[in-house]
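Here the protein sequences line up with chains A, B, C and D, keeping their order. Heads up: the first sequence begins at 9 in the numbering used here, then just goes up one per residue. Heads up: the second sequence begins at 9 in the numbering used here, then just goes up one per residue. Heads up: the third sequence begins at 8 in the numbering used here, then just goes up one per residue. Heads up: the fourth sequence begins at 8 in the numbering used here, then just goes up one per residue.
Honestly, the hints are just simulated from the structure, not real lab data. A portion of the hints provided could be inaccurate.
Reference listing, derived: stretches of chain D covered by chain B, where coverage requires no fewer than 3 residues with Cβ under 8 Å from a Cβ of chain B [unchecked claim]:
1. 39-50
2. 281-293
3. 426-439
4. 449-455
5. 474-480
In silico lysine-lysine, DSS-like type, Cα no more than 30 Å apart, as pairs [claimed, not checked]:
6. D:30 - B:409
7. A:69 - B:69
8. A:163 - C:184
9. A:162 - A:310
10. B:61 - C:33
11. B:291 - B:233
12. A:61 - C:124
13. A:310 - C:452
14. D:30 - A:61
15. C:42 - A:233
16. D:124 - B:61
17. B:162 - D:184
18. D:33 - B:452
19. C:204 - A:328
20. B:29 - D:228
21. B:328 - B:162
22. B:29 - D:372
23. B:61 - A:452
24. D:204 - D:228
25. A:61 - B:69
26. B:61 - A:61
27. B:163 - D:184
28. B:405 - A:61
29. B:409 - A:61
30. B:328 - D:204
31. A:61 - B:452
32. B:409 - A:69
33. B:373 - D:30
Glycine included, each C-beta is placed from N, C-alpha and C at the ideal position.
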Amino acid sequence: MRYMPHTATERKEMLARVGVKSIDDLFADIPEEARLTDLLDLPLHESEMVVEKNFRTLAAKNLSPYSTPCFLGAGAYQHHVPSVADHIIQRSEFLTAYTPYQPEISQGTLQALFEFQTQVALITGMEVANASMYDGATSCAEAVLMACRVTRRKKAVISGNLHPHYRDVTRTTLQFTEFETIDLPTAAAGIENFDDHINSDIACVVVQNPDFFGRIQDLTALADKCHEAGVLLVVVVNEVVSLGAIKSPGEMGADIVAGEGQSIGVPLSYGGPYVGLLATRQKFVRQMPGRLCGQTVDQDGKRGFVLTLSTREQHIRREKATSNICTNAGLCSLAFTIHMSLLGEAGFTKLASLNHSQAVTLAEKLEAIDGVSLLNDTFFNEFTLRLPANAAEIVEKLATKGVLGGVPVSRLIPKEPDMANLLLVAATETCSTADMDDFVVALKEVLGC
Amino acid sequence: MRYMPHTATERKEMLARVGVKSIDDLFADIPEEARLTDLLDLPLHESEMVVEKNFRTLAAKNLSPYSTPCFLGAGAYQHHVPSVADHIIQRSEFLTAYTPYQPEISQGTLQALFEFQTQVALITGMEVANASMYDGATSCAEAVLMACRVTRRKKAVISGNLHPHYRDVTRTTLQFTEFETIDLPTAAAGIENFDDHINSDIACVVVQNPDFFGRIQDLTALADKCHEAGVLLVVVVNEVVSLGAIKSPGEMGADIVAGEGQSIGVPLSYGGPYVGLLATRQKFVRQMPGRLCGQTVDQDGKRGFVLTLSTREQHIRREKATSNICTNAGLCSLAFTIHMSLLGEAGFTKLASLNHSQAVTLAEKLEAIDGVSLLNDTFFNEFTLRLPANAAEIVEKLATKGVLGGVPVSRLIPKEPDMANLLLVAATETCSTADMDDFVVALKEVLGC
Amino acid sequence: LETPLIFEQGVPGRIGVDMADPKPVKSRLGGLERKESVGLPDLSEPQVLRHFVRLSRQNYAIDAGFYPLGSCTMKHNPRINEKVARLAGLGDLHPMQPTSTVQGALELIDDLAHWLKTITGMPAVTMSPAAGAHGELCGVMAIRAAHEANGEVRTRILVPESAHGTNPATAALCGYKVEAVPARADGRMDLDAFAEKLGPDVAGVMLTNPNTCGLFETDVKRIADLVHEIGGYFYCDGANLNAILGRVRPGDLGVDAMHINLHKTFSTPHGGGGPGAGPVVFSEGLAAFAPVPYVIQGENGFELVEQVEGDAAQSFGRMKGFHGQMGMFIRALAYMQSHGADGLRQIAEDAVLNANYIRVSLDDKLHSSFAGICMHEALFDDSTLKGTGVTTLDLAKAMIDEGFHPMTMYFPLVVHGAMLIEPTESESRQTLDQFIGAMRYLLDKATAGETDYFLSAPHFSPRRRLDETGAARNPVLRWIPDESADANEKTSVSAAS
Amino acid sequence: LETPLIFEQGVPGRIGVDMADPKPVKSRLGGLERKESVGLPDLSEPQVLRHFVRLSRQNYAIDAGFYPLGSCTMKHNPRINEKVARLAGLGDLHPMQPTSTVQGALELIDDLAHWLKTITGMPAVTMSPAAGAHGELCGVMAIRAAHEANGEVRTRILVPESAHGTNPATAALCGYKVEAVPARADGRMDLDAFAEKLGPDVAGVMLTNPNTCGLFETDVKRIADLVHEIGGYFYCDGANLNAILGRVRPGDLGVDAMHINLHKTFSTPHGGGGPGAGPVVFSEGLAAFAPVPYVIQGENGFELVEQVEGDAAQSFGRMKGFHGQMGMFIRALAYMQSHGADGLRQIAEDAVLNANYIRVSLDDKLHSSFAGICMHEALFDDSTLKGTGVTTLDLAKAMIDEGFHPMTMYFPLVVHGAMLIEPTESESRQTLDQFIGAMRYLLDKATAGETDYFLSAPHFSPRRRLDETGAARNPVLRWIPDESADANEKTSVSAAS
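Can you build the whole structure from these sequences, using the hints too?
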């Protein structure tokens, strides 16, 4: 087998050196009755050629959004990832390295993490960021746990317009802890009022911007109200490109920002792996979960980087750790860092403008269809349509016409009749005018107008 | 533009440092009447995203042999290239290095070339090989030139069953030199007899094995005859995998082996770039064209490698060089070296057996069709069928059924009525039994039986 | 040439990504335009490419050499896995596509689930968890959910001393009090101490098997029986599954839940720290409590259950956005298909053979912490170094100069100055011999009194020893613009002007 | 750790590629089975991967740093070009597919041809040649074919002294006697000497423009006129086309044939020595003699003319198997589309600006061989080093220690101890400043008498200076099994036993 170098002769010689007669002797500690004698009931090994064919066959059973007009969002966005990013993350030295526990021979990974942390802090308008989380939803849950630790309070108020997966993950994560969530009802139609929920029992308010439906809000007043009551404001950003166009959470007064970084550098990959962002104020850093990379010097006085503040972490603190997390989204964060480096100030802000202009263009075209209206006045690159019929059914019909025409809200918020006709539609730099026109034509056909 | 770093400000400052007023001043040496003032009549620059789309659109207009049963050969063969090979040749250090003129910082390229030379010598059964040529056809032409220099004779006898492109390239290359080719007629049906053409005027006899039609020959007697007359035997190998199954040219007495290495490591890529192989006896090495990498030591006594015997080459010898070639097929030869290293002795010989068994299996299936017969008794992984109708027309009809069913001989040897019904068919490890059966069914349908 | 930070290389006005100019439209941003500059540096594409290529060259990696980090399973990462993960129609699918358009993706997940269940001998699996620790959380949550569904309140969970730190951290997140169980002299969990701690308030045990000392817990079935007797569950940390593939199925040992690190056992690349993936297999008793989403076969092909309701009503919730680490699933399945039933068993055999080969080849120079056969990793303590002034850390740093990545140090905590060496099955005997030779050479040097050599190691790495204490005392976690002005100045000083 | 040869690492019985077992069949090999062993080493996939990764780390590359090799145009190689060259439906097409199944491929070739013709202002192009030198051969063959078609026998071809060695080598292959034309004091070809050598037996002139001194041949139109007057053709070596893209079209200067190095001007990667691609553009007068194959637009789409007959009857023949370096065409066209008309012009401007920036930043320390503005490369001689005991070679080797690839040395031959520096347009001013700083530092060091430092350079490279004389005197061109036995022994000595 191609991945294992030993020959039969070598195995024999090595067993002799070990001082045992057969390979079975090495597994003698396994209870006899549980030892497997036969092979598992699975196929035998395959050549690389056959494995590749198998996956091509599976791929052929899917509709690639690359080859068809695609307007899907709802927390994952189709963007063009520069080829340089994918090339670099495949370099052996990044791909096949472990967590940089030996900093002398891991400066590549470490410096990239330091650059990632800085980029995340800059775009969110915060002071510091960690070296990434699993994804946006888990980052949101960790932000809430962190807020509880920082404030030593036990309740978190969760906006009804937070992405349902983020709500669910946060609730699930907290359910067996001493902390609890107060989940506000979905408020598709309007701006939520948190006033009644802000008091000295509350650790934090969690709000998404733009919200799940795409609406943009100024959170400055909310932040002030929170701070008056010693409550932290956790802002969730689920389309990170929006930060190039919209006032940053930091500027609005956020205490913690939890975000999904997939849009920058990371392929859609049917939902994962993605890269969670977590940024906060310097003063909260010792309550932060996840890895942190810090700057230092080596014994020759040269600048270098190390993983730091590990006394927060599980391998030192064990049950008293800030989190049980011991991995990050290494390669995805690297891809993010490379893509963001390519964009730079000029590119990041231009990409955001371009996304906005694409979405406005599409919204105008769709609004013009009879019976279709826009739920939200403000949006970045994603908005919610109110359709004259069941959105999920329409989406299925659009798919048969080769158009991936948005996400029915009911897929994420089921069993609420108000939501049945709502459709989330996103437009990024990847849609052409022809794609938009295909969508309009297909939607008109499906709606019979 | 993303590939050019200068900003407008930098350009201005740099022009000032240079001491000119405008960029136009740097182009003042161009005759005024020829200077372009307007942009060329070509599109403006495009984003990476659009460029990628453009090429996807072009690709969609082709039928990928990867996605359909494919039995094409005639000098280029579909094989599975291990992913490791393509991964390594994309590593920056191999991809973006120049010819290794500074050996101290080019040992990666140089050692790989030394390994390539050794592998080529081993598989061909020859003493030495060079660091690769453009492709098999040009390698063949260079082999003939080399034979003329070695023997100081001026005529080369070319087998009629040499791949027509190789014949054409050799004739074209020699046409304006003091050397000439004697082109024997195609002998599809039988073994050629060179006896009448071997004499003391002749520099070399060039013969392909397996020949263009797929026939395998023992060249030992021919080699003896050549050597008696001071004639060199040049053996052309155009499916290099065959060397894992068939007696090597070296063992048969070849003096020079010219080959096409595409089958090992190199994608089909619509015909290029490929990798020409050239191997010979040690004593002829100073008459060899192309680059050579040699072993030496550095000033600390460590083994190292350098380009050597460059006194043969154009940059030293200018018009007296052995060839005008100054590039090789660097990355392709690297891919070859990697793939061959992965195969090793066991894999290379097994791959050859597998190819032969595939071809025999297919031949048996096709022979069984009414009106279809096999032209040649012996073959490796490619054979010639005699069809009951025009082969070119049948191939077109097969293509409409999604089967790439071989190469009509008339495409390479046109206007010869004898050839009209001949079809070259290859089968490698990439064909499945289902592919073969699809072919049989489609061919029967097309032949109406 | 040193590699400055990317922030120290920008010049405003450069661009590294071309794109169309935005069409002028009526803004719908509601007046909330960002007016502050972001502060990102502007670079061209070649600069960015070169920057990260140079950075990469400061890293050690499996592809460059032997990486025997114990408990991390640093094995060969096949390139075909990277290739198939990027196929059009797999790597580019949107998670919210109608399931009718992603039948191949769902089939793939279902297929991987089948492999994992067959390998472990367990009836159910959840694909949600993003990493090993996330998988632990998933498993323990299911345990707590099961107890709660049963109307029981249990408060304690038992964890051996030698466990990964994630185990207690996970239990704490599920509201359990963690109780450590000591090890016996033979490196296994002390069965008597364990039995003593058991009681009706014990939710379960978290046991790593093979354990972090590289040993198979010989009493595992007894442990399972004991915990089951008091109504608790047996959580097995599957970090070391590599050692037993095809030789024993955790399901046959009484395991109720176990996470599988796809990035260890099934070789999805570690990527400098992630992403990982940690599917969890469950016994019948826990299966109903698994988180959403999961794939089922319906009338019209594969379907996704995404909400806690109906069939999934007992589910303890959702752990992650969307449907798990699909990119890792693809790689892991390609790896499994490449090995097959025969190859999986061979993995375990060669991994264990290699570890024992290292053990016997070093045990005259180093002290094996526990006698006898080990599984996939060999554990030594630092008694050989006693009195030399050389610590485990110093020895590890000296290995860097020999061209190797050091072994895991100071873990597990139950051994003094632990050195945990895991060679994996993909290393050749020649490489093992080189490593053994280098270790022996250094151990001789240390015992011969060449202490200074070790204290100043490594000598030939991109950086020498770094001031980690300083980094933690005064954390600098991001680049600060002011410092860059200095750095830029330094750059221009070294250049002509 | 040193990297042994792949041949020194094998153990019989390993396999690096799995494949199906051959079905037993009746052999059709005619009794000619290979019985000798081939002699290849057997390795596993991870061993091979690691071997070549390690080898690669001994290379310098553009991606790792500045590579100012004069006349080689070492510019940024975009990764998108590599990506599109590997698309299914492009990278995997068989050259003998029916043309009906490769219309996209033929369209691509036709499109690239259009770009090349427009850029050069020439009416025809052949895509066959595999490299620059191959393109030269193609161009000069067309010239000879044209003369012959005209019933003329011409015997001489004129080539400036400063030409690339390939020019005379090419002319010789076409049966021409090569006559060198000297340069003037300003670095251009001596027009008077040229005119004097002209005559009815002159087939043409081969001129590089911009020339290898980095200068534009100001008399180019006069040269063209003169050679045309005597019925000869003007072959232009297009190696330096990068400098004039969008600023002047060779067709407007009277050029009859010119090869274009796609791997220089259009950035298909150099790949450690290839593959290249050298399409040749032709004037009306030479177009009919171009080699087969070529693409035409027919009734049913694009067609390939593959034989010398019919319309192609005047073709001088075929230069290469199949249809040219398709893989390189894809990359070059992606590069052109990425730049567009505006970007192509910017390439020339920035390339020339960068070269002049280097020229003026060094000309107080080094002697510019020729006064005034240069094009895309700056040429210096070694007069500064006179009496220091440091040669151009020594200086170049010392640059390696500074982290740079050396400039081209001792070429062109017309300058003593030449140093030819070509920065290309993709390098930033910061990089140029670093390079200039390093050069100035070393030149100061050399003139300060630190000769020994240079004679022993490089100090920090994977190898120090290599014995090239020894290599040529006793050529060892392949690994010999006997030596490997020793090497293996050495390996095992260093390991434990």
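Each hint, compared with the structure:
Judged by the Cβ-Cβ criterion of 8 Å, the stretch 39-50 of chain D is covered by chain B as claimed, because 12 of its residues qualify and three suffice. With 4 residues bearing a CB less than 8 Å from a CB of chain B, the stretch 281-293 of chain D meets the requirement of three and the coverage assertion stands. Check on the stretch 426-439 of chain D: 5 of its residues sit with their Cβ under 8 Å from a Cβ of chain B, so the three-residue criterion for coverage holds. For the stretch 449-455 of chain D, the proposed coverage by chain B is not satisfied: 0 residues have a C-beta within less than 8 Å of a C-beta in that chain, short of the threshold of three.
Requiring three or more residues with a Cβ within less than 8 Å of a Cβ of chain B, the coverage given for the stretch 474-480 of chain D holds, as 5 such residues are present. With a CA separation close to 28 Å, the supplied pair residue 30 of chain D and residue 409 of chain B stays within the 30 Å bound. A hinted pair counts as satisfied when its Cα atoms are at most 30 Å apart, and residue 69 of chain A with residue 69 of chain B qualifies at roughly 21 Å. The hinted pair formed by residue 163 of chain A and residue 184 of chain C meets the criterion: a straight-line CA distance of about 21 Å does not exceed 30 Å.
With a C-alpha separation of about 44 Å, the suggested pairing of residue 162 of chain A with residue 310 of chain A is violated against the 30 Å cut-off. Among the hinted pairs, residue 61 of chain B with residue 33 of chain C is consistent with the structure: their alpha-carbon atoms are about 29 Å apart, no more than 30 Å. Restraint check: the Cα-Cα separation between residue 291 of chain B and residue 233 of chain B comes to about 20 Å, which is no more than 30 Å; the hinted pair holds. Between the alpha carbons of residue 61 of chain A and residue 124 of chain C the distance comes to roughly 24 Å, so the proposed pair stays at or under 30 Å and holds.
A distance of roughly 28 Å separates the Cα atoms of residue 310 of chain A and residue 452 of chain C; the hinted pair therefore holds under the 30 Å criterion. This hinted pair checks out: residue 30 of chain D and residue 61 of chain A have alpha carbons roughly 20 Å apart, not beyond 30 Å. With a C-alpha separation of about 23 Å, the suggested pairing of residue 42 of chain C with residue 233 of chain A holds against the 30 Å cut-off. Proposed proximity of residue 124 of chain D and residue 61 of chain B is supported: the alpha carbons are some 24 Å apart, at most 30 Å.
Our distance criterion of 30 Å between C-alpha atoms is met by residue 162 of chain B and residue 184 of chain D, whose separation comes to about 19 Å. Note on residue 33 of chain D and residue 452 of chain B: the hinted pairing holds, with a Cα-Cα distance of about 24 Å set against a maximum of 30 Å. Only pairs whose Cα atoms come within 30 Å are accepted, and residue 204 of chain C paired with residue 328 of chain A is accepted, the gap being roughly 21 Å. With a CA separation close to 26 Å, the supplied pair residue 29 of chain B and residue 228 of chain D stays within the 30 Å bound.
Among the hinted pairs, residue 328 of chain B with residue 162 of chain B is consistent with the structure: their alpha-carbon atoms are about 17 Å apart, no more than 30 Å. As the CA atoms of residue 29 of chain B and residue 372 of chain D are separated by approximately 24 Å, the hinted pair is consistent with the 30 Å bound. Only pairs whose Cα atoms come within 30 Å are accepted, and residue 61 of chain B paired with residue 452 of chain A is accepted, the gap being roughly 27 Å. Pair hint residue 204 of chain D plus residue 228 of chain D holds up; C-alpha atoms about 17 Å apart against a cutoff of 30 Å.
For a cut-off of 30 Å, the pair hint linking residue 61 of chain A to residue 69 of chain B stands: about 22 Å separates their Cα positions. For a cut-off of 30 Å, the pair hint linking residue 61 of chain B to residue 61 of chain A stands: about 25 Å separates their Cα positions. Between residue 163 of chain B and residue 184 of chain D, the direct Cα distance comes to roughly 22 Å. Compliance with the 30 Å bound is thereby established for this hinted pair. With a C-alpha separation of about 26 Å, the suggested pairing of residue 405 of chain B with residue 61 of chain A holds against the 30 Å cut-off.
Proximity of residue 409 of chain B to residue 61 of chain A is assessed by CA-CA distance (about 21 Å); at most 30 Å being required, the pair is judged to hold. Proximity of residue 328 of chain B to residue 204 of chain D is assessed by CA-CA distance (about 21 Å); at most 30 Å being required, the pair is judged to hold. About 27 Å separates the Cα atoms of residue 61 of chain A and residue 452 of chain B, which keeps this hinted pair within 30 Å; it holds. Straight-line distance between C-alpha atoms of residue 409 of chain B and residue 69 of chain A comes to about 21 Å, which keeps the hinted pair within the 30 Å bound.
Straight-line distance between C-alpha atoms of residue 373 of chain B and residue 30 of chain D comes to about 14 Å, which keeps the hinted pair within the 30 Å bound.
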